[in-house]
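Residue numbering for the sequence shown follows the numbering used here, beginning at 400 and increasing consecutively.
Treat the hints loosely; a few may be bogus.
What the hints assert, rightly or not - Derived lysine-lysine pairs resembling DSSO-like cross-links, with alpha carbons at most 30 Å apart: (1) Lys791 with Lys924; (2) Lys699 with Lys872; (3) Lys740 with Lys709; (4) Lys619 with Lys651; (5) Lys699 with Lys689; (6) Lys648 with Lys735; (7) Lys718 with Lys689; (8) Lys702 with Lys718; (9) Lys648 with Lys475; (10) Lys475 with Lys718; (11) Lys608 with Lys709; (12) Lys648 with Lys740; (13) Lys740 with Lys475; (14) Lys791 with Lys740; (15) Lys689 with Lys710; (16) Lys475 with Lys735; (17) Lys689 with Lys735; (18) Lys651 with Lys475; (19) Lys924 with Lys872; (20) Lys791 with Lys872; (21) Lys735 with Lys718; (22) Lys735 with Lys709; (23) Lys718 with Lys608; (24) Lys710 with Lys608.
In case anyone wonders, no lab produced these hints; they're calculated from the structure.
As the structure is a computational prediction, the values presented were derived from the model and not from experiment.
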Amino acid sequence: MLVSRHRRRLATGMCAVLAAALLGSCTGDSDGKDTDASESPDAAGKSRPNIVFVLTDDLSENLVPYMPHVREMAEKGVSFPNYYVTDSLCCPSRSTIFTGDYPHNTGVFTNNGDDGGYGAFTKNGGEEKCFANSLRKAGYRTGFMGKYMNGYTPDGEQRRPERGGGRGRGGEGAQQADPAAASAEDATDAGTEVPPGWDEWDVAGDGYKQYDYDLNENGKVTHYGSDPEDYLTDVLSDRATSFVDDSVKAEKPFMLEVSTFSPHGPATPAPRDEDTYPTVEAPRTAAYDKAPTPAPEWQKGLKPLSAQEKKEIDRKFAKRVRSVQAVDDLVGRVQKQLAEKGIADETYFVFSSDNGFHMGEHRLRPGKQTAYDTDINVPLMVTGPGVSAGEKVPQIAENTDLSPTFQELAGLEPPSDTDGRSLAPLLHGEQPDDWRETALVEHHRGGSKRGDPDAAPENAGNPPDYAAIRTDKELYVEYADGQREFYRTDSDPDQLRNRADELSADERASLHGTLTALTECEGAKECTEASRRDE
Numbered sequence: 400m401l402v403s404r405h406r407r408r409l410a411t412g413m414c415a416v417l418a419a420a421l422l423g424s425c426t427g428d429s430d431g432k433d434t435d436a437s438e439s440p441d442a443a444g445k446s447r448p449n450i451v452f453v454l455t456d457d458l459s460e461n462l463v464p465y466m467p468h469v470r471e472m473a474e475k476g477v478s479f480p481n482y483y484v485t486d487s488l489c490c491p492s493r494s495t496i497f498t499g500d501y502p503h504n505t506g507v508f509t510n511n512g513d514d515g516g517y518g519a520f521t522k523n524g525g526e527e528k529c530f531a532n533s534l535r536k537a538g539y540r541t542g543f544m545g546k547y548m549n550g551y552t553p554d555g556e557q558r559r560p561e562r563g564g565g566r567g568r569g570g571e572g573a574q575q576a577d578p579a580a581a582s583a584e585d586a587t588d589a590g591t592e593v594p595p596g597w598d599e600w601d602v603a604g605d606g607y608k609q610y611d612y613d614l615n616e617n618g619k620v621t622h623y624g625s626d627p628e629d630y631l632t633d634v635l636s637d638r639a640t641s642f643v644d645d646s647v648k649a650e651k652p653f654m655l656e657v658s659t660f661s662p663h664g665p666a667t668p669a670p671r672d673e674d675t676y677p678t679v680e681a682p683r684t685a686a687y688d689k690a691p692t693p694a695p696e697w698q699k700g701l702k703p704l705s706a707q708e709k710k711e712i713d714r715k716f717a718k719r720v721r722s723v724q725a726v727d728d729l730v731g732r733v734q735k736q737l738a739e740k741g742i743a744d745e746t747y748f749v750f751s752s753d754n755g756f757h758m759g760e761h762r763l764r765p766g767k768q769t770a771y772d773t774d775i776n777v778p779l780m781v782t783g784p785g786v787s788a789g790e791k792v793p794q795i796a797e798n799t800d801l802s803p804t805f806q807e808l809a810g811l812e813p814p815s816d817t818d819g820r821s822l823a824p825l826l827h828g829e830q831p832d833d834w835r836e837t838a839l840v841e842h843h844r845g846g847s848k849r850g851d852p853d854a855a856p857e858n859a860g861n862p863p864d865y866a867a868i869r870t871d872k873e874l875y876v877e878y879a880d881g882q883r884e885f886y887r888t889d890s891d892p893d894q895l896r897n898r899a900d901e902l903s904a905d906e907r908a909s910l911h912g913t914l915t916a917l918t919e920c921e922g923a924k925e926c927t928e929a930s931r932r933d934e
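Input sequences plus hints: build the corresponding full structure.
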């Protein structure tokens, strides 16, 4: 099937791609493809806006109603109801966010092992292609705080591997970090890891419990204990406001990413929020405790949820609601500070999640990794200069688009070999006539559960490898074992009636052709063309 064939193609075909990239870098010719962002001619002499990006972990759409500051962002800015992640798993999604590339080009398919996690990301040149390098080189003060990549340890126990040997498009042909970069990168103690491109680095490894964690603070590792003031989300809030203060004093534009561990399990709330929402329950949507008909093989063994399982789902959902209260406080606190400093009107504020989360939908026990909207359709809200209030952008957006968006907002032209496209035109009310029509999702089941906080229990429902496409009215999934799912989401938004067997030969060929083209595309032009359905 498509997924396994494409995975083999990566192992061999990327050698040629890397060789071409190497040749281009040696000769100064990259076959017409830019590998580094450049300053836009229109940006010369203009003041550059600040960018704040709050990225959450496993935050699903059904948590937004409990976050007043985030809801206010949707009222005061632009939201993207058709925003999808390229994989409903932490590390592949985060790799895409940093680089703007699909998993088949980042070479990061899982959270750990040879083809996943921090090791695969660095080996394949992801750190060099990260948007932070371009912004920093252009004069931005850059900061990253919170959760980075699965497998990253603050004390550097896992050393950065040699680059250039992986299946991703990066490696030696990737965009290179600014050799003049100083600050956090140069402050690194022996044995710690601070990636290139960041002026401020305050990153934890295992911060899921919110307490008893190590924080790499610009190369200095500090241990935080179990006192209330050690609560990680609040520590990140303190660091974020300090970063904004320092940037204002330095009179430099800044790009700050705050990446929270919440609401990822165990979803520990701040002490002040432990008793909030005492009666909240998980939403009983039409898909709650209902399997698709007909269900794919990997779901057929799932029994209806028991009363005890439903009670446990409600308990976990309540914890998730309580844990995001501190995240919402962080959003509000940074927004207030921007206003007090007089820079709110010149700052883009972006809020999103690396993936969604299901809790009983499709009869699945709590988790992610599926192609259903519960897992791939996540919030994306943006406020800032020139952004209309209360606007809902109907176009299909993906997390491939964030890196080029940040670069264009900073006055740079994103590299042409980036798979995603800048959302800046959509933020400012423009309607590109050549926008994508289809989102791509690529998922590979991790081989090892050891050390993976996202490993699904055997009885929870864990799909095999798959690739999927999502349009404004369809979801189509091809599994590596030959199974298919197809839903007409305009009439079946909860994705319960699997119509794969009802597809005509022409319909199936069209869907398969689009999916194949997307899983092989490279660069925004090619990927946009691949996404346009030939129906």
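Results for each hint:
1. For a cut-off of 30 Å, the pair hint linking Lys791 to Lys924 stands: about 25 Å separates their Cα positions.
2. Simply put, Lys699 and Lys872 have alpha-carbon atoms about 25 Å apart, close enough for the 30 Å limit, and the pair holds.
3. Among the hinted pairs, Lys740 with Lys709 is inconsistent with the structure: their alpha-carbon atoms are about 47 Å apart, more than 30 Å.
4. The straight-line distance between the Cα atoms of Lys619 and Lys651 is roughly 24 Å, inside the 30 Å bound, and the hint therefore holds.
5. Proximity of Lys699 to Lys689 is assessed by CA-CA distance (about 11 Å); at most 30 Å being required, the pair is judged to hold.
6. With a C-alpha separation of about 17 Å, the suggested pair Lys648 and Lys735 falls inside the 30 Å cut-off, and the hint holds.
7. A distance of roughly 24 Å separates the Cα atoms of Lys718 and Lys689; the hinted pair therefore holds under the 30 Å criterion.
8. Note on Lys702 and Lys718: the hinted pairing holds, with a Cα-Cα distance of about 25 Å set against a maximum of 30 Å.
9. Among the hinted pairs, Lys648 with Lys475 is consistent with the structure: their alpha-carbon atoms are about 28 Å apart, no more than 30 Å.
10. Of the pairs offered as hints, the one joining Lys475 and Lys718 holds, with about 28 Å between alpha carbons and a cut-off of 30 Å not exceeded.
11. Between Lys608 and Lys709 the CA atoms are separated by roughly 24 Å; this keeps the pair inside 30 Å, and the hint holds.
12. Distance restraint check for Lys648 and Lys740: the Cα-Cα separation of roughly 10 Å lies within the 30 Å cut-off, and the hinted pair is therefore satisfied.
13. At most 30 Å may separate the alpha-carbon atoms for a hinted pair to count; Lys740 and Lys475 meet this at roughly 19 Å.
14. Among the hinted pairs, Lys791 with Lys740 is consistent with the structure: their alpha-carbon atoms are about 29 Å apart, no more than 30 Å.
15. Pair hint Lys689 plus Lys710 holds up; C-alpha atoms about 17 Å apart against a cutoff of 30 Å.
16. For the hint pairing Lys475 with Lys735, the CA-to-CA distance comes to about 14 Å; that is within 30 Å, so the pair holds.
17. A threshold of 30 Å between alpha carbons decides the hint, and for Lys689 with Lys735 the separation of about 43 Å lies outside it, so the pair is violated.
18. Of the pairs offered as hints, the one joining Lys651 and Lys475 holds, with about 26 Å between alpha carbons and a cut-off of 30 Å not exceeded.
19. At roughly 23 Å between alpha-carbon atoms, Lys924 and Lys872 fall within 30 Å of each other, so this suggested pair holds.
20. This hinted pair checks out: Lys791 and Lys872 have alpha carbons roughly 17 Å apart, not beyond 30 Å.
21. Taking the CA atoms of Lys735 and Lys718, the gap is near 26 Å; set against the 30 Å cutoff, the hint holds.
22. Straight-line distance between C-alpha atoms of Lys735 and Lys709 comes to about 39 Å, which puts the hinted pair past the 30 Å bound.
23. The hinted pair formed by Lys718 and Lys608 meets the criterion: a straight-line CA distance of about 12 Å does not exceed 30 Å.
24. For a cut-off of 30 Å, the pair hint linking Lys710 to Lys608 stands: about 22 Å separates their Cα positions.
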